[in-house]
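Enquirer: The chain contents come next:
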Amino acid sequence: MRLKTTALLGAAIVALSAGMAFAGEVTWWTPNFNEARAKTLVEKFQAAHPDITVKLEVTTTDGLPQRVLTALQSGAAPDIVDVQHGWVNGYAQNKLVLPLDDVLKDREDYIPAALQYVTWDNKLWGIPYRIETHAVIFNKGDFTAAGLDPNKPPQTWDELVAAAEKLSVNGKSGFAITGGGEVGNTIFRSLPFMWMVGGGIISDDGKKVLVNTPESVKAVTFYTDFFKKKLSPASTLENDGTANRRLFIAEKVSMYQSGQFDVPSIRKENDKIDVGVMPIPHPEGGKTAAILGGWSLVVPSSAKNPDDAKTLIGFLAESENQAVLTDTFPARISAMKAERFNDPILQVFKEMLPYGRPVPAHPNWVQISQAYFDGIQRILLGDEDVQKAMDGAAAEIEPLL
Amino acid sequence: MSAKQQTLKRPGLSRPLIVIGSLLVVFVCLFPFWWMALSSVKTLRELYTIPPIWWPEAPTWDNYRKVLFESNIPRYFLNSLVISIGATALALVLAVFASYGFARFNFKGKPLLQSFVLVGQLLPTAAIIVPLFITLRVLGLVNTYWGLILVYMIITLPLSVWMLTSYFKAIPVELEEAAIIDGASRLGCLLRITLPLSLPAIVSVLVYAFVTTWNEFIFALCFATDSSVKTLPIGLAEFSTEFNTDWGAVMAASVVMTLPIALLFLSMQRLFIGGLTAGATKG
Amino acid sequence: MQRQSTGYLFVLPALLLLAMLIAYPVAYTALLSVTDNQGEYVGLENFRRILTARATPIAFWNTLWWVFGSIVFQVVLGVLTAILLNQNFRGRALVRSVTLVPWVVPGIVAATTWAWMLHTEFGIINYMLTAPGVIDEPVGWLTNGSTVMPVMIAINVWKMFPFVAIMVLAGLQSIPNDLYEAARIDGASFWEEVWYVMLPQVRMVIVAVTLLLVIWALNHITIIYAITKGGPANRTLITPIQIFRTAFESVQFNQAAALSVMFFGVAIIVVFVYIKTLASSSGE
Chain L
-9 MRLKTTALLG
1 AAIVALSAGM
11 AFAGEVTWWT
21 PNFNEARAKT
31 LVEKFQAAHP
41 DITVKLEVTT
51 TDGLPQRVLT
61 ALQSGAAPDI
71 VDVQHGWVNG
81 YAQNKLVLPL
91 DDVLKDREDY
101 IPAALQYVTW
111 DNKLWGIPYR
121 IETHAVIFNK
131 GDFTAAGLDP
141 NKPPQTWDEL
151 VAAAEKLSVN
161 GKSGFAITGG
171 GEVGNTIFRS
181 LPFMWMVGGG
191 IISDDGKKVL
201 VNTPESVKAV
211 TFYTDFFKKK
221 LSPASTLEND
231 GTANRRLFIA
241 EKVSMYQSGQ
251 FDVPSIRKEN
261 DKIDVGVMPI
271 PHPEGGKTAA
281 ILGGWSLVVP
291 SSAKNPDDAK
301 TLIGFLAESE
311 NQAVLTDTFP
321 ARISAMKAER
331 FNDPILQVFK
341 EMLPYGRPVP
351 AHPNWVQISQ
361 AYFDGIQRIL
371 LGDEDVQKAM
381 DGAAAEIEPL
391 L
Chain B
-2 MSAKQQTLKR
8 PGLSRPLIVI
18 GSLLVVFVCL
28 FPFWWMALSS
38 VKTLRELYTI
48 PPIWWPEAPT
58 WDNYRKVLFE
68 SNIPRYFLNS
78 LVISIGATAL
88 ALVLAVFASY
98 GFARFNFKGK
108 PLLQSFVLVG
118 QLLPTAAIIV
128 PLFITLRVLG
138 LVNTYWGLIL
148 VYMIITLPLS
158 VWMLTSYFKA
168 IPVELEEAAI
178 IDGASRLGCL
188 LRITLPLSLP
198 AIVSVLVYAF
208 VTTWNEFIFA
218 LCFATDSSVK
228 TLPIGLAEFS
238 TEFNTDWGAV
248 MAASVVMTLP
258 IALLFLSMQR
268 LFIGGLTAGA
278 TKG
Chain W
1290 MQRQSTGYLF
1300 VLPALLLLAM
1310 LIAYPVAYTA
1320 LLSVTDNQGE
1330 YVGLENFRRI
1340 LTARATPIAF
1350 WNTLWWVFGS
1360 IVFQVVLGVL
1370 TAILLNQNFR
1380 GRALVRSVTL
1390 VPWVVPGIVA
1400 ATTWAWMLHT
1410 EFGIINYMLT
1420 APGVIDEPVG
1430 WLTNGSTVMP
1440 VMIAINVWKM
1450 FPFVAIMVLA
1460 GLQSIPNDLY
1470 EAARIDGASF
1480 WEEVWYVMLP
1490 QVRMVIVAVT
1500 LLLVIWALNH
1510 ITIIYAITKG
1520 GPANRTLITP
1530 IQIFRTAFES
1540 VQFNQAAALS
1550 VMFFGVAIIV
1560 VFVYIKTLAS
1570 SSGE
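Chains as they are written, first to last, in my numbering: chain L, -9 to 391; chain B, -2 to 280; chain W, 1290 to 1573.
These are computed hints drawn from the structure, not numbers from a lab.
Among the hints, erroneous ones may be present.
[As the list claims (entries may be wrong)] Which chain L residues face chain B? A few, computed with CB under 7 angstroms, are given here:
(1) N22
(2) F23
(3) Q63
(4) A66
Note that CB positions come from ideal geometry on N, CA and C, so glycine has one too.
Modelling step: build the complete structure from the supplied sequences, incorporating the hints.
Expert: Shown next, in the form of structure tokens:
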């Protein structure tokens, strides 16, 4: 009883009846924020490869995972899709995408964490082209008003808490954490704190639950206490990264974690704010950490034209083209030299990159992170204390490993 | 008019109750929409202030300009129109016949078939998206108007059939029996007697099917990937990028999307008014 | 009554089309529920795994609350509004149109607008309540474990009661005048008229609409999904959202299919019981 047979049969019927396969045509799904940059690169590519026609289809960010999965699962996929690093593993495990080891060149030029993300079963399932990490964005004006030196932002956890306490006056919140929205928002902001003290949600090899170890509990307590001590807004449980930025723009929040993509919109919407950026504070004597995020290109197993798709991906993976396509930073070290990455405000974000780590690659990662996130929400709701909530999460995660 | 008023005069709600009730209904229904419309003429800065501001200092039409002239919304509007009208018409025709069959005939397995009509609505959307997509591929209907029109039958037919069935049942059979004695066929009865008497129900079904298909998001998202068939709700989603939503534009587009239907309904008011059935049974 | 075959002819086109669209999804889901992601037969393993998930019983009870709470208020408010809109008064046409607005606003837009209006900090609702001193502190409507589900139900009621109102109104419009006149001759008051004339006459409409509301409440996830995604801490997680998350976020199509099969089974039973009770009580 093989399901794939049914799907293949369906695909075969279509291919026969509709004559879908056009040699030399590559369909590329890219998100709407990439559209303009992708178009330039396609033009450049077609000039060099006149025999291959690239059909660019623009996807929307809302509902993108559903739409990509529907296409992959039904066997009617495009030839290339832009997806987030974190999704690639799930596709690989379900054999929905093709391995791309033969496409990758200059392996050592890539940030290792980016490749680690899209590797499963010792094969490479996507070509990363964009990476980013968080840092802490802060309002320099608020710092001065609270008697803090904006040029010497907090470096350790204790300093961060002390600064947040000083900043939480006149209805403002010193340091906004997230507790709502997509699960990923809170994973990105809290997991690095766990890493800094040697904790985590699960171990890197995916064999052990770490979420309720003393180290992890310490980090989770540190994170959730910002809300418990009213240093994070009352709306924390409904806030995701975007909501925090809104509150920052409305000058209700003085510090919050985010990526460089927030800076242009802050400047555009409230030019009164003097934006500062600092590395994510670390525990006394420890090192900072961050989650590496970003996007990769994958070739679906049901792609009609995988060969030409690989040619295009190879082209897009060239250093200078990566520097164009990425919305944040390129995954290749050499591409980082491009002029557009020299903006001083990007400096701290760039410094954070070497501390970026991928989230653990585990087949059930989404459920694992959901169990952890539910635990965080129970703490924020006041249902359970940190230890109990994390024990509960551990009990849920255990059978998933 | 005067004759009508005489026959319609009957005990009713007291005036204050009507006024209070109406005001309450209008407020509850309109407040979020009004807030939405207000947001559509605010600048980005004014959208996110604490405390919120009631009236923008300088209302801007920028969002509307963006929606109407710089986006794909006009094209999507056309697509939505074609798909919604097509799906509504198809649902109505199929539903009228099916309902008439259920309301006026007894046949083996009728309760079973009647419940079958509802089956499609009971299937969780998440479970049927992928196989429906495969079905559409086999039929070669992905990225076509027909694909979405057919899929929307799953959503619109059940209600249409159920509403019309109960409505047809409420129409006295005697009217048709008289016509059959006069030599009319079943089809003739349906078209000449039952349908005209069911105008309010038909209008309800039309409005329902149109609104439902006009607003549907997830099927349209998965089955229409080309801008030549994308519908308005997808257009709304396109104002959101990875880390940002052009909220003003979304609100303006929502107004553009909602107003035509509200106006459509306003123009259909006439069809509800008049107690058509009452007139017929009396005459 | 009539020849059977004619009846079939009338209903067949609609049924065939539906069957064509539904048959494959049903078979596909059933197949997925007993296989793993490689297509190998695994028996009831998927069912066992999804049933032991911590969220499953929570989602089940939330679903009951969600469906029950939504329907009661939708029907009661819808019928009351219909009776109001059936009165003769100036501006009636306008009020009727306005009533329809919540229903015609796209679900995703309604959800995001409400989420924004209810936001603890930015929300106009907290502002309206705190400014005149109705409440002292802003309420975390969507973040408080005890308010979030009622708020979701309220938004759902807001969205769908106009539909009930319009359907019942259409029914009320078609009540023959003789019935009112007969009641008037007997000296019935307005509320007696509502109880003895209007409600019995629109009973079938209400029954049918209620069934559809149940089905929609079971399957329409836009409002909850767009606002809370089932959170905080699964307070608003209902089974269809769990299915959606299992399939499209966790990429566990097989477990999602198993849950779908069970959900579908329960829904079918509910609907059949409803129709059976209906058929026996209507005496037709």
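Enquirer: Now look at each hint and say whether the structure bears it out.
Expert: Against the structure, the hints come out as follows:
1. N22: Status holds, d = 6 angstroms.
2. F23: This hint holds: L/F23 lies near chain B, its Cβ roughly 4 angstroms from the closest one there, short of 7 angstroms.
3. Q63: Constraint on L/Q63 satisfied, holds at 5 angstroms.
4. A66: holds, 5 angstroms
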